[in-house]
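Asks: Here is what each chain is made of, one letter per residue.
Protein chains: 8
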Amino acid sequence: MELTVYLAGQIHDDWREKVTQKANEKGLPLQFVAPQTNHDRSDDIGEAILGEQPGKLYRDDAASSINNLRTQVLMQKSDIVIALFGEKYKQWNTAMDASTAITMNKPTIIVRPEELIHPLKELSNKATVTVETIDQALDVLSYIFE
Amino acid sequence: MELTVYLAGQIHDDWREKVTQKANEKGLPLQFVAPQTNHDRSDDIGEAILGEQPGKLYRDDAASSINNLRTQVLMQKSDIVIALFGEKYKQWNTAMDASTAITMNKPTIIVRPEELIHPLKELSNKATVTVETIDQALDVLSYIFE
Amino acid sequence: MELTVYLAGQIHDDWREKVTQKANEKGLPLQFVAPQTNHDRSDDIGEAILGEQPGKLYRDDAASSINNLRTQVLMQKSDIVIALFGEKYKQWNTAMDASTAITMNKPTIIVRPEELIHPLKELSNKATVTVETIDQALDVLSYIFE
Amino acid sequence: MELTVYLAGQIHDDWREKVTQKANEKGLPLQFVAPQTNHDRSDDIGEAILGEQPGKLYRDDAASSINNLRTQVLMQKSDIVIALFGEKYKQWNTAMDASTAITMNKPTIIVRPEELIHPLKELSNKATVTVETIDQALDVLSYIFE
Amino acid sequence: MELTVYLAGQIHDDWREKVTQKANEKGLPLQFVAPQTNHDRSDDIGEAILGEQPGKLYRDDAASSINNLRTQVLMQKSDIVIALFGEKYKQWNTAMDASTAITMNKPTIIVRPEELIHPLKELSNKATVTVETIDQALDVLSYIFE
Amino acid sequence: MELTVYLAGQIHDDWREKVTQKANEKGLPLQFVAPQTNHDRSDDIGEAILGEQPGKLYRDDAASSINNLRTQVLMQKSDIVIALFGEKYKQWNTAMDASTAITMNKPTIIVRPEELIHPLKELSNKATVTVETIDQALDVLSYIFE
Amino acid sequence: MELTVYLAGQIHDDWREKVTQKANEKGLPLQFVAPQTNHDRSDDIGEAILGEQPGKLYRDDAASSINNLRTQVLMQKSDIVIALFGEKYKQWNTAMDASTAITMNKPTIIVRPEELIHPLKELSNKATVTVETIDQALDVLSYIFE
Amino acid sequence: MELTVYLAGQIHDDWREKVTQKANEKGLPLQFVAPQTNHDRSDDIGEAILGEQPGKLYRDDAASSINNLRTQVLMQKSDIVIALFGEKYKQWNTAMDASTAITMNKPTIIVRPEELIHPLKELSNKATVTVETIDQALDVLSYIFE
Chain X
1 MELTVYLAGQ IHDDWREKVT QKANEKGLPL QFVAPQTNHD RSDDIGEAIL GEQPGKLYRD
61 DAASSINNLR TQVLMQKSDI VIALFGEKYK QWNTAMDAST AITMNKPTII VRPEELIHPL
121 KELSNKATVT VETIDQALDV LSYIFE
Chain D
1 MELTVYLAGQ IHDDWREKVT QKANEKGLPL QFVAPQTNHD RSDDIGEAIL GEQPGKLYRD
61 DAASSINNLR TQVLMQKSDI VIALFGEKYK QWNTAMDAST AITMNKPTII VRPEELIHPL
121 KELSNKATVT VETIDQALDV LSYIFE
Chain A
1 MELTVYLAGQ IHDDWREKVT QKANEKGLPL QFVAPQTNHD RSDDIGEAIL GEQPGKLYRD
61 DAASSINNLR TQVLMQKSDI VIALFGEKYK QWNTAMDAST AITMNKPTII VRPEELIHPL
121 KELSNKATVT VETIDQALDV LSYIFE
Chain Y
1 MELTVYLAGQ IHDDWREKVT QKANEKGLPL QFVAPQTNHD RSDDIGEAIL GEQPGKLYRD
61 DAASSINNLR TQVLMQKSDI VIALFGEKYK QWNTAMDAST AITMNKPTII VRPEELIHPL
121 KELSNKATVT VETIDQALDV LSYIFE
Chain V
1 MELTVYLAGQ IHDDWREKVT QKANEKGLPL QFVAPQTNHD RSDDIGEAIL GEQPGKLYRD
61 DAASSINNLR TQVLMQKSDI VIALFGEKYK QWNTAMDAST AITMNKPTII VRPEELIHPL
121 KELSNKATVT VETIDQALDV LSYIFE
Chain E
1 MELTVYLAGQ IHDDWREKVT QKANEKGLPL QFVAPQTNHD RSDDIGEAIL GEQPGKLYRD
61 DAASSINNLR TQVLMQKSDI VIALFGEKYK QWNTAMDAST AITMNKPTII VRPEELIHPL
121 KELSNKATVT VETIDQALDV LSYIFE
Chain S
1 MELTVYLAGQ IHDDWREKVT QKANEKGLPL QFVAPQTNHD RSDDIGEAIL GEQPGKLYRD
61 DAASSINNLR TQVLMQKSDI VIALFGEKYK QWNTAMDAST AITMNKPTII VRPEELIHPL
121 KELSNKATVT VETIDQALDV LSYIFE
Chain C
1 MELTVYLAGQ IHDDWREKVT QKANEKGLPL QFVAPQTNHD RSDDIGEAIL GEQPGKLYRD
61 DAASSINNLR TQVLMQKSDI VIALFGEKYK QWNTAMDAST AITMNKPTII VRPEELIHPL
121 KELSNKATVT VETIDQALDV LSYIFE
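Protein chains in written order, with full-length UniProt numbering: chain X, 1 to 146; chain D, 1 to 146; chain A, 1 to 146; chain Y, 1 to 146; chain V, 1 to 146; chain E, 1 to 146; chain S, 1 to 146; chain C, 1 to 146.
A hint or two may mislead.
Said to hold, decoys possible - Label-pair distances were calculated between CB atoms; the ranges are:
1) His39/C <-> Glu2/V: 28 to 34 Å
2) His39/C <-> Gln76/Y: 40 to 46 Å
3) Lys77/Y <-> Lys26/C: 30 to 36 Å
4) Lys90/V <-> His12/A: 46 to 52 Å
Source of the hints: derived by calculation from the structure; they are not laboratory data. C-beta atoms are modelled at their ideal positions from N, C-alpha and C, and glycine is treated no differently.
Here chain X stands alone, though its shape is the one from the complex:
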């Protein structure tokens, strides 16, 4: 039984590569999918496809519609969602993806540092599992196959 895991969260470091590598090392039958992780590409995609827009609002709206399509397609194909929160940026997309997954009854793991316990408390409480590190998230995934 191979499972597909959507990796929601910040796109400013290579945490998804670490997750994938560690899953491979453990031999877990997992396929990982994710949002666009090239930040500039993610911001530019609207104008890259639809042409120049008349201002930031419209440029952002164009990009977001295409990012949302990608996320909707890949999350619907996923069996599990991992949402990683970090200490920088607004991370509202991470909160949005986690909430969407929970409302769709997708089993959802939140990864968040200790500093974020308080502002994330309601979302953590709704998630299936909350952990602090990527290694713990992988331990949870690994446990499914024991």
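Keeping the supplied structure of chain X fixed, place chains D, A, Y, V, E, S and C upon it in accordance with the hints.
Replies: For chains D, A, Y, V, E, S and C alone, kept in the frame of chain X given last:
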């Protein structure tokens, strides 16, 4: 036809009172519901009901389960959700409530200042309507009854 | 048992008033709701609330988000949808509202003139009932209460 | 991960072949499905299977039930729906298929020429993404696999 | 708490009046709804509204679309469905209504005489409760309010 | 794209073998599933597994629970349901299976002889397609792959 | 806004009366519903309505179908479910009702004594809130209206 | 057609191995999944991944969130659920898993000894099939493939 509107968002000023007052002035047949807006009460409610918890994580988890029950009950009774974003705080609960509402097919209005266009772009794109001010949100509600 | 009926369709004549008046004459316990029937208001509503937009595309997108919120709210409150097609205009909103209602399992009556049998054949086949005139649609509504 | 894409829209030129060919050139792992694209066959299929019907209404109703079954089967198997609008014909089936897909939470791309911005504004606003050309639609599909 | 009960089943005697009268005698807060119980009216309703049809198949199809709309509206408003089977006629509408209700998760009571145990065994097994008489069905309804 | 088809209906002749053979001759990528077609086995299965029951009612209830499990498993795996009605027996299971499939939004084909038009009119109207013969049903299936 | 609360759990003392009385004292706009709390009546209801059954298994199955109908009707009408566990009896119905409510997305409060923390840990984790006493459950209900 | 079967129930003997072995002997195309069957591992998993917790309640809550994720993932992938009850322990997880499966419309087989007929009567009545032994459950599974 009376409609029920859930007012998600920050609880640090009296914006909900303004919404309610303006809706009354317009004579709109609306009933407003909301999360606990007393911030200390919201943070304390876990220990207030369940007793002292062994640390911040557990105190927060206890409070959030009760806040989540309140939100789940009231959002399920609502016909429309308004989610207001401001410039301070993480506001992940606002993102969570808006995403939950959208995924439940609740008509959802996001209110956000111009400064937040970029970080909220994917969520705004998924919402039914995005506006910048409370007055605009009320104009949208009023339009339903024209 | 009072029922709520959403009246989808063109907004270029007073057919909704006729439906309402005839239902009253028959003493049917029906409440009617509808999209914005003032065509200029419907087209202007985006800029009226959100301010001037940078071009027709953006003006139309702003208006449509607010029209869609109104339709979503009122259709979710409705027990039955009537969708009237006429001989002028594209009427894609009528097709959209009828299809949305059918997919939501709302009992749906299509009213269409004989000339439109062929282009509407697949949609008519999916609707619960297809009739040619408003009087026939009212006869169907009346039959529920016999 | 192979995805299945339903191509809704007019059946009067070979746009689907172009989409398929371009997807192959890009090496995208996509399977395309579609309604019956032979227009005569689509109109005749009711009488071809069920025998002669007593008039146009009945001939059309017979054909449409079989076309609807085909669409229902193939759309339920699809991960994404592309709906292309052109400048000729009523195209109510295209609006119907797009609305059905959106209501079923299928990620949906509308392709429409600039001339149709206004009459399609509400449907475009509900779709996940709206573009103007087939090449842009393919760019959106391609973006999922970046 | 008032409950609405849909009474599916044969329309060849006055069993629904008996149910209503007995419920009134017991003082149960129940509202009863039902299909058209005038058999001729039920068969004629298609042509009565839509005009003469070119043969029995088309006459029956026209009538059935209007009967189906009535049933869909009233069953969606109901909290409980009672389906009564008797010894005459095909009663496929009764089986259809009971199966529809069960699949919609409506609590469903089947009333059937002893002679029909065998041919109804799978449907009875899927229903919430199976009884043999109207009085027993009323006892079940009455039990909800004890 | 291989599709799975559930064949509901009477189990007194070999119509399912004919369907399978004809589908093979046409080279259609279809997998067929069905209820238990050995009538004695179907009636005996409750006591065969659970032991002797204290009377016909209990014997039938035991058998039907196991038949219902089989049908529920196989229908949930199916993309299309064909329900064949014949001239003998009550055939309430056929009506039950067809209604269940329609309510689950499974594309459904009813096969019924001309004599049964009237008693099946409401169910036929709700089905996606109604035909008179197995060959016509196969033509409908074949049309999906044109 | 009046809310309806289903009180699942043991029926061996008068805890429901206490809940109702305390809610009244607090002036909470709540309506309470519950399973049959007369234990003998609950066990006898099958034979009381359907007549003597051939053994305990059949007697219990008859009673349970009627108890299940009552629970299904009342739980579907409820906005919140409270499930109280005590120290005696198997209490599988309490676990069943709580799990059913959680899976239906009903906000669910579990009341359980400290001794039952371990055997109820998975169910408590899935519930919206877990408390130890009736007074705490009422505090949670009361918090919705603050 | 291979089916996946979730085996819910006590983890104190090797009944799952027996089920698997017997299914293999019968040549049934079944894949079995299950909760963690190492009891200590199941109780320890929270602290094993998340670190020491401040007391039994928190230790149990941490473990249960991870056990619940595993069950949610595997049950959503399953076509059938078997829930085995024995004579020892509270077995509330078994009742929870069975109720969850039934509410999700998963075909569900309950295996319970004769002694448990009475306390399990409502849950048995809601399950698709109830049997007394593992061999009978396998006979039911085998019947699907006859």
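Asks: Look at each hint and say if it fits the structure.
Replies: Going through the hints against the structure:
{"no.": "1", "hint": "His39/C <-> Glu2/V: 28 to 34 Å", "result": "50 Å, violated"}
{"no.": "2", "hint": "His39/C <-> Gln76/Y: 40 to 46 Å", "result": "42 Å, holds"}
{"no.": "3", "hint": "Lys77/Y <-> Lys26/C: 30 to 36 Å", "result": "32 Å, holds"}
{"no.": "4", "hint": "Lys90/V <-> His12/A: 46 to 52 Å", "result": "47 Å, holds"}
In summary, the structure is inconsistent with hint 1 from the numbered list given earlier, while agreeing with all the others.
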